[in-house]
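There are 2 protein chains.
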Amino acid sequence: MADIARLSLNTATVRTQWSLAQCIDGCVRHGIGTIGPWRDKLRGLGTEQAAKMITGAGLKVSGLCRGGTVTASDKAARQAALDDTRKAGDEAVALSADCLVLVVGGLPDGSCDIAAARDQVNDGIGALLDHARACNLPLAIEPLHPMYAADRACVNTLAQANDICDDLGDGIGIAIDVYHLWWDPELKAEIARARGRILGFHVCDWLVPTRDLLVDRGMMGDGVIEIAKIRSWVEAAGYHGPIEVEIFSEGDWWRRDPDEVLKTMIARFESVV
Amino acid sequence: MADIARLSLNTATVRTQWSLAQCIDGCVRHGIGTIGPWRDKLRGLGTEQAAKMITGAGLKVSGLCRGGTVTASDKAARQAALDDTRKAGDEAVALSADCLVLVVGGLPDGSCDIAAARDQVNDGIGALLDHARACNLPLAIEPLHPMYAADRACVNTLAQANDICDDLGDGIGIAIDVYHLWWDPELKAEIARARGRILGFHVCDWLVPTRDLLVDRGMMGDGVIEIAKIRSWVEAAGYHGPIEVEIFSEGDWWRRDPDEVLKTMIARFESVV
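The listed protein sequences correspond, in order, to chains A and B.
Heads up, the first sequence is in our numbering, so the first residue is 319 and it goes up one at a time.
Heads up, the second sequence is in our numbering, so the first residue is 319 and it goes up one at a time.
A couple of the hints might just be wrong.
A pair counts as met if it fits within one copy or between any two copies, since identical chains are not told apart.
Result set (DSS-like, lysine-lysine): computed pairs, CA atoms no more than 30 Å apart in a straight line [unchecked claim]: (1) K378 / K581; (2) K405 / K506; (3) K393 / K506; (4) K581 / K405.
These are calculated hints, taken from the structure and not from any lab test.
Based on the provided sequences and hints, a complete structural model is requested.
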């Protein structure tokens, strides 16, 4: 099983219950050494104050979620999206995050042309790389499950993400989330291909049945994903960094006492991940 | 746009409203020449009577949906599944269907090993081929969307289906459903690779947002799938057979007057497909 020291709390796991300050306190209380914040959690405090609190509590930051929605229906909207991702990059730097996680966007409003959207992704990330390299901030493409191709991200396989990295060169890597990629018959081969560019590893579980496309993700061990097997492939590809637990769960974990969520998360990390 | 003579009514499109007899009458009334029945619709009449009625009405049968759930947790269950699919094959023959559509099954109960499930699929379909070849009945693997990998079908890309066909030789082909495959960056290339083995083409649309994993599919033109583009690829690969409209829609089309559903389906087929 994975070393518990690698556990990182992605703040989405307790999205509805806790502020960032409460997440930080919760990590300290439960002995979790790393946090993966979403930007919405930074807003209340401001990035500088958030960075101070995280550092002051002795925590490290894995990835900052998220920038990178670079698909848009016109130039002004694309420019605004790029500017916002650069700002997210500055926040990630201020937090000393390992990387900025990119969720690249789906089809632009009014468009059905997914090939064109995918071209926009290559162009958009390419346009972000100068800034990211200047900041020494790795950008991590997160391929999302194909069920999000239309509305959230048109990068839906690890093969696509690897292709983008091949195209764009240094400064860009990949965040691997088992929820999005577990089904892919090419997963083992594409993880091996991703050697040297894996910037993050996210875990949760795929529930059967899954009742909602977005917010019915499971605690590790409650679903069907072979998490430990996939982790072994990721480690064989050279990644030994933080393992973020990121669970969107409107009907279950978001309704529970967050201290219970963290206790369960730790226990499952030790028994299942 | 596609020739309206190719339109086939998949009975799932009016699953909740009409019996098979009503579907047959509806096709005749609306000038639709081909039907794609689900097995549940045959049960009331019996296969022989259904075949007589379909033929008597001057209709052809595209694919029979569905057999092929060959993944199972023990030998007895696998044998029962194979026997049931052979029975479905006999029904398809009695109906003079173009093919029997196979939905191969997901993870066996209690298993998380998707690679093992996929091995079962190759073995299971292989075990069905003697019977299918003896009946001169083509079997059509239908790859399902990755969101069904756990519970319905662990064949989730056209590449996988092509690989299975490469492995197993004559008698096995593929049913291409735009709903399941539209997101795949390799779709165009894999359709070209499927030349000579495309046995069916199913259309509906991907709604944004999609509110349910199974029963929130859209009428052609209401979603984001580039249906005509995909059809052109399928035709370039040599398929010019029936185009089935198959829409699972609990909240919308299954609640409407079925004659309105068929009218809309015909109009959209002519304007969108």
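Hint by hint, here is what the structure shows:
no.	hint	in the structure
1	K378 / K581	within (20 Å within a copy, 60 Å between copies)
2	K405 / K506	neither (34 Å within a copy, 37 Å between copies)
3	K393 / K506	between (38 Å within a copy, 28 Å between copies)
4	K581 / K405	neither (34 Å within a copy, 51 Å between copies)
Checked against the numbered hints listed earlier, the structure breaks hints 2, 4; every other hint is satisfied.
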